[in-house]
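Just so you know, the sequences run in chain order Y and B.
Under the working numbering, the first residue of the first sequence is numbered 707, with each subsequent residue one higher.
Under the working numbering, the first residue of the second sequence is numbered 609, with each subsequent residue one higher.
I should point out that these hints are in silico values taken from the structure, not numbers from a laboratory.
Certain hints may be false.
Covered by chain Y, per the in silico footprint, the following chain B stretches (three or more residues, Cβ under 8 Å) [said to hold, decoys possible]:
| hint | segment |
| --- | --- |
| 1 | 646-652 |
| 2 | 657-667 |
| 3 | 711-722 |
Cβ atoms here follow ideal geometry from the backbone N, Cα and C, with glycine treated the same way.
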Amino acid sequence: DQQVKQNSPSLSVQEGRISILNCDYTNSMFDYFLWYKKYPAEGPTFLISISSIKDKNEDGRFTVFLNKSAKHLSLHIVPSQPGDSAVYFCAARMEVGSGSYQLTFGKGTKLSVIP
Amino acid sequence: DTGVSQDPRHKITKRGQNVTFRCDPISEHNRLYWYRQTLGQGPEFLTYFQNEAQLEKSRLLSDRFSAERPKGSFSTLEIQRTEQGDSAMYLCASSLGTRWDYEQYFGPGTRLTVT
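Starting from the given sequences, assemble the full structure and let the hints guide the process.
Below is the structure:
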């Protein structure tokens, strides 16, 4: 049972336009949601996060929106740049014990930004 | 470079052999995580350490797998009697270990191929 779902395996966007990556989750116990970016031959790198009590967090060109009632979050990249081409993972955090947390990842969406 | 390092980067082994991977976390981080990533999937949690104590283990971690973090610094992940299904990227991550600690820093991974 996949608790974090990224239903689009890939996305292509023109340089300068907006990229929107989507993520759905099923577990109401998640308290933080994160986006990680992964280039080939490298480990994932943290991009941006949002607490479950917020509905928006912005960091430069990156904005994450959370719709808790729909159990849906999205990552907006504006404007998209060729260097943004990577695999983006949505992840959700849940407390599994006193002070212990676990991340659950989606399958990822491969973003290609076309010059 | 003070990021998370993993060794080796690639390992090819024959079925039935034992393999051991090493992870060196960021020096001030007291939490260390192991994940496994197979093709087309996101990272899947295996286990995590708070200093030298192993606090959580996933159902994915069969009895052929063992992880240690003897002095609360580097960690090793050993797989005994490897099977072809163990072929995957094994990722290590570390974090500070505070209540607001949701950002995990990943290493580049060890790619295991079992023939």
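task: Find the hints from earlier in the document that the structure breaks and name them by number, from lowest to highest.
output: none
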